[in-house]
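Trainee: Sequence:
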Amino acid sequence: VGAVTDALLRDPTEEVRRAAAAALDCTLLSRLMGLPDLASALVSDRADLVRLQVARTLRGIVHRAALGALERAVRDDPTPEIRRDAARYADEVRRALDQAPRVSALSAPGRPDPPVDFPVDETIILALDAPVNPLTILPGRVSLSDPAGIRVPVLVRPDLVRGLRLALTPATPLAPNTPYTVVVDPAVEDARGELLSGPLRFTFLTEVRPWLKVTAVRTARAEIPPEYVISVRFNRPLDPGTVSSESFQVTIQETGEPYAGTIRLSRDRRVIFFTPARPFPLRHTVNLTLTPDLADTAGNPMEKPFTTAWPVRAGAKI
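Per the working numbering, the sequence shown starts with residue 157, numbered consecutively.
In short, the hints are calculated from the structure, not lab data. Backbone N, C-alpha and C fix where the C-beta goes; we use that ideal spot for every residue, glycine too. Careful: at least some of the hints might be erroneous.
Cβ pair distances, simulated, as ranges [as the list claims (entries may be wrong)]: (1) Pro-168 x Ile-408: 54 to 62 Å; (2) Val-317 x Thr-371: 20 to 28 Å; (3) Arg-318 x Leu-438: 56 to 64 Å; (4) Glu-383 x Arg-240: 30 to 38 Å; (5) Val-370 x Gly-397: 13 to 21 Å; (6) Ala-323 x Arg-374: 19 to 27 Å; (7) Glu-413 x Val-317: 44 to 52 Å; (8) Asp-247 x Val-172: 31 to 39 Å; (9) Ile-419 x Asp-167: 46 to 54 Å; (10) Glu-227 x Val-370: 44 to 52 Å.
Each computed SDA-like pair below joins lysine to any residue, with the alpha-carbon atoms no more than 25 Å apart [said to hold, decoys possible]: (11) Lys-369 x Ile-408; (12) Lys-369 x Asn-456; (13) Lys-460 x Thr-447; (14) Lys-473 x Val-370; (15) Lys-369 x Asn-333; (16) Lys-369 x Arg-420; (17) Lys-473 x Pro-393; (18) Lys-460 x Pro-448; (19) Lys-369 x Arg-318; (20) Lys-369 x Phe-462; (21) Lys-473 x Pro-382; (22) Lys-369 x Pro-437; (23) Lys-369 x Asn-391; (24) Lys-460 x Ser-387; (25) Lys-369 x Thr-418; (26) Lys-369 x Thr-441; (27) Lys-369 x Pro-393; (28) Lys-369 x Val-308.
Taking the hints into account, I'd like the entire structure generated from these sequences.
Mentor: Written out as structure tokens, the structure reads:
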């Protein structure tokens, strides 16, 4: 246990750390459950494959033992609340044991329906309808390929708590108007500790052209103090020549008049800051409008105008 813990904490290789985590999990479980033969198979000089196979066996044992305990509680416990909760949890465990994972959705943050017009430079969220074991998401087991079957380098981050989501971040922007396929290798395990029956596949089509998009701005209708500095973050660097009071319009809603201030770009050109020349008037509303005249350094504009507004109140918390 000490050697595997040391590898988990200090080894620079992600694959070794994942194998160590699985091995440590198996070692502790096997000893707690009185299975010394399995525990002895997990000594540090044995192959990772042996330890992972023991992990699968123990995981299945644990799931079925938990289901048995829950079913006994549903049948025998005198407390109605415990019987109700046990029934709900038993259903969840039963689904995990009986249902093989399938891809239920694939999206980007804020885009729930993405099979077409998928952003070329955003993280891909793969949602599953049944959990997988995140410790078996080893390098190369989740891939992203172009139409020619060439793999695109991606950083894969599994959901470590529920095992129902995988986040894939491409190393470079994807090509516009191009189909890509995400594949989860059958070597990945489901919640039963068993290998998938086959690869999970999902194909999506990227947007026809990349658009400049707002990725972060203060929530609309949230109050702002009079001295508030407006900041808007974009998904890619802006062309400074397109940033002006015409493309980044700040007005007072009640009068419709433009509000004077200083507009500047961040060093990475992804954030626009607007500092008012004088405090915004109290009990008024500040409107912000971004027009498609804004464009990134490759000339990609915003797809449509963006608008938001904030009431001004003294002492408003930012």
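Trainee: Taken at face value, is the distance from the CA of Ser-387 to the CA of Lys-460 at most 25 Å?
Mentor: holds, 19 Å
Trainee: Within a Cα-Cα threshold of 25 Å, do Lys-473 and Pro-382 meet the stated pairing?
Mentor: holds, 11 Å
Trainee: 13 to 21 Å was suggested as the range; check whether the CB atoms of Val-370 and Gly-397 agree with it.
Mentor: For Val-370 and Gly-397 the Cβ distance comes to about 19 Å; the hint holds.
Trainee: Does Pro-393 lie within 25 Å of Lys-473 when you go C-alpha to C-alpha?
Mentor: violated, 29 Å
Trainee: Are Asp-247 and Val-172 spaced within 31 to 39 Å by their CB atoms?
Mentor: holds, 37 Å
Trainee: What's the verdict on Lys-369 and Val-308, does the C-alpha distance respect the 25 Å limit or exceed it?
Mentor: holds, 23 Å
Trainee: Given the hinted pair Lys-369 and Asn-456, is their Cα-Cα distance within 25 Å?
Mentor: holds, 10 Å
Trainee: Given the hint of 20 to 28 Å, is the C-beta distance from Val-317 to Thr-371 inside that range or not?
Mentor: holds, 25 Å
Trainee: Glu-383 and Arg-240, beta-carbon distance inside 30 to 38 Å?
Mentor: violated, 53 Å
Trainee: Taking 25 Å as the top limit, are the C-alpha atoms of Lys-369 and Ile-408 close enough?
Mentor: holds, 24 Å
Trainee: Check whether the Cα positions of Lys-369 and Pro-437 lie no farther apart than 25 Å.
Mentor: violated, 29 Å
Trainee: Are the Cα atoms of Lys-460 and Thr-447 separated by 25 Å or less?
Mentor: holds, 7 Å
Checked against the numbered hints given earlier, this structure breaks hints 3, 4, 17, 19, 22; the rest are met.
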